[in-house]
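K.L.:
Numbering (my numbering), first residue to last: 1 to 270.
None of these hints come from the bench; they were simulated from the model. Misleading hints may appear alongside valid ones.
Stated by the list, open to error - Now the in silico label distances, taken between C-beta atoms and shown as ranges: (1) Pro270 <-> Asp125: 34 to 40 Å; (2) Gly158 <-> Val90: 17 to 23 Å; (3) Glu266 <-> Met75: 27 to 33 Å; (4) Ile246 <-> Gly127: 47 to 53 Å; (5) Gly127 <-> Ile203: 35 to 41 Å; (6) Asn172 <-> Gln207: 27 to 33 Å; (7) Met75 <-> Pro270: 33 to 39 Å; (8) Ala260 <-> Leu191: 41 to 47 Å; (9) Asp71 <-> Gly199: 44 to 50 Å.
Owing to the predicted nature of the structure, the values given are computational and were not obtained by experimental measurement. We put the CB at the ideal spot given by N, CA and C, even for glycine.
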Amino acid sequence: MKNKKISKVLFIALMTLGFFIGMGLGYIQGGFMAPRQASDLANELVTGAIIPSSPPVEEIRQPENPASINDLEYMGAISVDDDPALGLPVEQAPVTIIEFSDYQCPFCKDFFDQSFEKLKKEYIDTGKVHYVFRDFPLNVHPQALPAATAANCAAEQGKYWEMHDLLFKGQNEWSFNNNAKKIFEKYAEELEMDMEKYGTCVIDDTQKQRDEVAKDLIDGVKYKVVSSPSFFINGKKVSGAQETDIFRNIIDGEIAAVEAAKKADEEAAP
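Could you put the whole structure together from the sequences, leaning on the hints where they help?
P.N.:
Encoded structure:
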């Protein structure tokens with residue numbers, strides 16, 4: 001498993017993201033230039049215009065498994081924004097998971113292939129987890145933003161998660177394909193979407209889509225996202241495509257903590 005993941009570091013996502021975080025924080029906090037409209041910031045963020053150069057290519061690994069749940073950093077309340085979600089409403093589910101992800105990232109595909117469906121069946125579909133997907137496309141992945149746009153345009157026709165699944169399942173098909181957008185159109189047709197509306201969304205609403213992605217990027221920077229995928233489980237940060245059992249242990253621990261707190265409140269009530 002480790003050798004498989006290490007071989008995928010040709011994508012250099014994490015190293016470039018570290019530089020992006022440093023530049024992004026300074027920019028967003030106003031240290032480099034005057035405040036701007038969200039649309040202007042979005043355009044610069046998603047096109048990589050605020051990144052003057054990329055660091056040298058180095059081989060990197062996904063983060064190691066956390067030694068224990070207690071090792072996880074608590075980041076506080078993480079915004080779910082208005083992004084696509086699965087499961088019970090956030091107010092009802094005992095656990096909320098927010099994923100910051102990149103459709104072209106191979107590690108993100110690893111998580112999708114190895115863990116997502118299992119966790120969905122065990123926790124999301126059973127009402128234990130409210131699951132949110134937020135975009136974090138890296139500028140070193142040229143097809144990541146178009147893929148995010150395709151998914152967000154599918155959302156406008158109620159097909160977000162169907163497109164989400166097709167994008168990850170077909171990543172090897174479109175990841176280094178100059179005609180990736182045509183492949184995304186093929187996916188939209190397979191989902192029986194209104195192609196005229198889809199085309200309008202992708203082509204005419206470009207700035208709207210960039211604004212949406214920029215909100216996620218800005219929040220990712222704020223929450224110190226330094227690898228993709230990154231997860232926040234009830235505010236606790238988990239970096240990388242960890243093994244499924246790691247996620248199970250963390251989720252089960254959070255559910256137990258919520259139930260214990262609820263029981264304590266009931267016993268303390270007059």
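K.L.:
Each hint: holds or not?
P.N.:
Going down the list of hints, with the structure as the test:
{"no.": "1", "hint": "Pro270 <-> Asp125: 34 to 40 Å", "verdict": "holds (37 Å)"}
{"no.": "2", "hint": "Gly158 <-> Val90: 17 to 23 Å", "verdict": "holds (20 Å)"}
{"no.": "3", "hint": "Glu266 <-> Met75: 27 to 33 Å", "verdict": "holds (29 Å)"}
{"no.": "4", "hint": "Ile246 <-> Gly127: 47 to 53 Å", "verdict": "violated (22 Å)"}
{"no.": "5", "hint": "Gly127 <-> Ile203: 35 to 41 Å", "verdict": "holds (39 Å)"}
{"no.": "6", "hint": "Asn172 <-> Gln207: 27 to 33 Å", "verdict": "holds (30 Å)"}
{"no.": "7", "hint": "Met75 <-> Pro270: 33 to 39 Å", "verdict": "holds (35 Å)"}
{"no.": "8", "hint": "Ala260 <-> Leu191: 41 to 47 Å", "verdict": "holds (43 Å)"}
{"no.": "9", "hint": "Asp71 <-> Gly199: 44 to 50 Å", "verdict": "holds (47 Å)"}
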